[in-house]
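Peer 1: Here's the letter readout for the chains.
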Amino acid sequence: MSGPSFDEPEVTIELTVNGATVTRRVSTRRHLSDFLRDDLGLTGTHIGCEHGVCGACTVRYDGEIARSCLILAAQTDGSTVETVEGLSDSGEIEALQQAFLARNALQCGFCTPGMLVTAADLLRSVPKPSRDEVRDAISANYCRCTGYHAIVDAIMAASEKLAVKS
Amino acid sequence: MKPALFTYHRPGTLPDALALMAEHRGGARVLAGGQSLMPLMAMRMTRPEQLVDINRIDELKGIRDTGDTLTIGALTRYSEILRAPLIADSLPLLSEAIRHVAHHAIRNRGTIGGSLALADPSAETPATCLALCARIVARSSAGEREISVDAFFEGLMSTALAEDEILVAVRIPKRPAKVPHAFLEFARRKGDYAQAGIILAPSHGGVAENRAVVFGIGSTARRSAALEGAMTNGLSAEAKAALQQEVTAIIDDDEGAAYKLPIVMTLAERAMGRLKP
Numbered sequence: 103m104s105g106p107s108f109d110e111p112e113v114t115i116e117l118t119v120n121g122a123t124v125t126r127r128v129s130t131r132r133h134l135s136d137f138l139r140d141d142l143g144l145t146g147t148h149i150g151c152e153h154g155v156c157g158a159c160t161v162r163y164d165g166e167i168a169r170s171c172l173i174l175a176a177q178t179d180g181s182t183v184e185t186v187e188g189l190s191d192s193g194e195i196e197a198l199q200q201a202f203l204a205r206n207a208l209q210c211g212f213c214t215p216g217m218l219v220t221a222a223d224l225l226r227s228v229p230k231p232s233r234d235e236v237r238d239a240i241s242a243n244y245c246r247c248t249g250y251h252a253i254v255d256a257i258m259a260a261s262e263k264l265a266v267k268s
Numbered sequence: 019m020k021p022a023l024f025t026y027h028r029p030g031t032l033p034d035a036l037a038l039m040a041e042h043r044g045g046a047r048v049l050a051g052g053q054s055l056m057p058l059m060a061m062r063m064t065r066p067e068q069l070v071d072i073n074r075i076d077e078l079k080g081i082r083d084t085g086d087t088l089t090i091g092a093l094t095r096y097s098e099i100l101r102a103p104l105i106a107d108s109l110p111l112l113s114e115a116i117r118h119v120a121h122h123a124i125r126n127r128g129t130i131g132g133s134l135a136l137a138d139p140s141a142e143t144p145a146t147c148l149a150l151c152a153r154i155v156a157r158s159s160a161g162e163r164e165i166s167v168d169a170f171f172e173g174l175m176s177t178a179l180a181e182d183e184i185l186v187a188v189r190i191p192k193r194p195a196k197v198p199h200a201f202l203e204f205a206r207r208k209g210d211y212a213q214a215g216i217i218l219a220p221s222h223g224g225v226a227e228n229r230a231v232v233f234g235i236g237s238t239a240r241r242s243a244a245l246e247g248a249m250t251n252g253l254s255a256e257a258k259a260a261l262q263q264e265v266t267a268i269i270d271d272d273e274g275a276a277y278k279l280p281i282v283m284t285l286a287e288r289a290m291g292r293l294k295p
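Protein chains in written order, with the working numbering: chain A, 103 to 268; chain B, 19 to 295.
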């Protein structure tokens with residue numbers, strides 16, 4: 103090698119995002135959060151800490167929740183990604199969204215998309231969680247406002263509503 | 019918070035990955051689950067020129083029953099380990115430890131091999147593998163070798179792996195569920211890194227010695243002779259004094275020795291209590 107090169111190495115990826123196939127050329131260092139927001143315009147995925155701590159960028163990656171800031175877009179070739187927009191459009195998180203609204207389960211709302219994706223994942227695996235289990239799950243998405251009590255209430259309410267439905 | 023430039027490789031086989039490691043030597047890093055490497059790259063604490071993504075290499079995945087041991091592929095994710103009946107039956111201490119690792123979204127991606135190779139002194143996996151008397155399987159283009167966990171962690175985020183080696187698996191002696199153990203850590207919030215932790219793994223048919231590990235203090239998880247003695251003779255005043263001396267010797271003032279020492283002492287008493295039938 104002859105000195106540093108500032109050419110951005112790129113790769114081509116093809117993946118499924120919220121049910122649609124997308125093909126893009128991306129910089130190797132672009133993470134999935136930036137790809138979703140800046141390349142696809144899906145700004146529901148928020149970027150808080152950008153190092154895997156805050157959970158605001160949580161998405162469903164090949165069926166399991168993950169921090170999109172800790173996944174390279176380059177890695178996602180051939181994979182399936184669902185964002186809060188996809189979960190919202192499909193109606194999967196409707197009960198949660200309504201419960202968050204009814205309980206005013208947010209202060210600034212920045213963490214809310216990640217909270218919803220995390221809560222949906224919890225209710226998928228544990229349909230009737232205890233308050234402790236809810237707190238355990240959303241500890242992955244703690245931000246700064248400490249207004250978590252209402253969020254726990256909302257997730258509990260959504261789980262009860264879903265239990266009645268099924 | 020963006021990584022420096024790098025070339026991305028996604029080999030489909032282990033020989034291809036090893037060839038890349040041999041070609042680039044210190045210039046390449048292995049990307050497994052990325053739950054620690056990605057933040058380190060984002061913060062520019064590491065800036066590999068070549069990134070070797072091993073996520074598509076199937077032979078690095080899965081848990082196998084290998085007689086007296088379980089062999090866990092390096093790319094086995096925490097969530098898979100928690101779901102595996104083999105682990106629940108034969109290594110319940112590992113399950114208990116991994117339940118303390120971060121959060122569900124992180125456990126879905128993070129791998130046992132990645133955590134061992136990174137060797138974070140506060141992480142649960144390296145400390146638990148030390149307590150469980152594991153053997154680390156490393157491979158390079160030249161061949162495979164096994165490294166005793168006692169010789170594997172060399173210092174702060176530093177291991178016995180050579181530049182061209184990839185950690186491919188970890189072999190852990192089975193531990194019958196009826197043999198008692200203790201895993202205790204203290205973190206300020208659920209899922210945070212532990213301020214300190216203690217693991218007690220009394221001897222059994224597969225491992226002839228008591229093994230006790232203190233983690234979250236100093237540059238690496240370490241065995242504690244004081245606690246290993248106490249596992250046989252009880253946590254006497256002398257044993258406590260010896261433990262205090264051990265911890266004081268390895269703790270760094272920057273870590274807040276005055277804060278952490280009482281945590282270790284409290285965890286030690288609780289952990290000893292867990293071993294009682």
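Incorrect hints may have been included.
Claimed, not checked - Here are the computed lysine-lysine pairs in the DSSO-like style, where the Cα-Cα straight-line distance is at most 30 angstroms:
(1) A:Lys263 - B:Lys258
(2) A:Lys230 - B:Lys208
(3) B:Lys208 - B:Lys258
(4) B:Lys294 - B:Lys258
(5) A:Lys230 - A:Lys263
(6) B:Lys294 - B:Lys20
Stated by the list, open to error - Coverage of chain A stretches by chain B, computed from C-beta distances (three or more under 8 angstroms per stretch; other residues unrestricted):
(7) 165-174
(8) 199-206
Hints are computed from structural coordinates only; laboratory data are not their basis.
As the structure is a computational prediction, the values presented were derived from the model and not from experiment.
Ideal Cβ positions, reconstructed from N, Cα and C, are used throughout, including at glycine.
Peer 1: Could you run down the list of hints and mark each one as holding or not?
Peer 2: Comparing the hints with the structure gives:
1. Under the criterion of a C-alpha separation no larger than 30 angstroms, the hint pairing A:Lys263 with B:Lys258 is inconsistent with the structure, at around 53 angstroms.
2. For the proposed pair A:Lys230 and B:Lys208, the alpha carbon gap of about 21 angstroms is at most 30 angstroms, so the pair holds.
3. Taking the CA atoms of B:Lys208 and B:Lys258, the gap is about 28 angstroms. The hint holds against a cut of 30 angstroms.
4. For a cut-off of 30 angstroms, the pair hint linking B:Lys294 to B:Lys258 stands: about 18 angstroms separates their Cα positions.
5. Between the alpha carbons of A:Lys230 and A:Lys263 the distance comes to roughly 10 angstroms, so the proposed pair stays at or under 30 angstroms and holds.
6. For the proposed pair B:Lys294 and B:Lys20, the alpha carbon gap of about 50 angstroms is over 30 angstroms, so the pair is violated.
7. Check result for the region 165-174 of chain A against chain B: holds, 8 residues qualifying (beta carbon to beta carbon below 8 angstroms, three or more required).
8. Evaluation of the coverage hint for the region 199-206 of chain A: breached, as 0 residues show C-beta separations to chain B shorter than 8 angstroms, against a requirement of three.
The structure shown violates the earlier hints numbered 1, 6 and 8.
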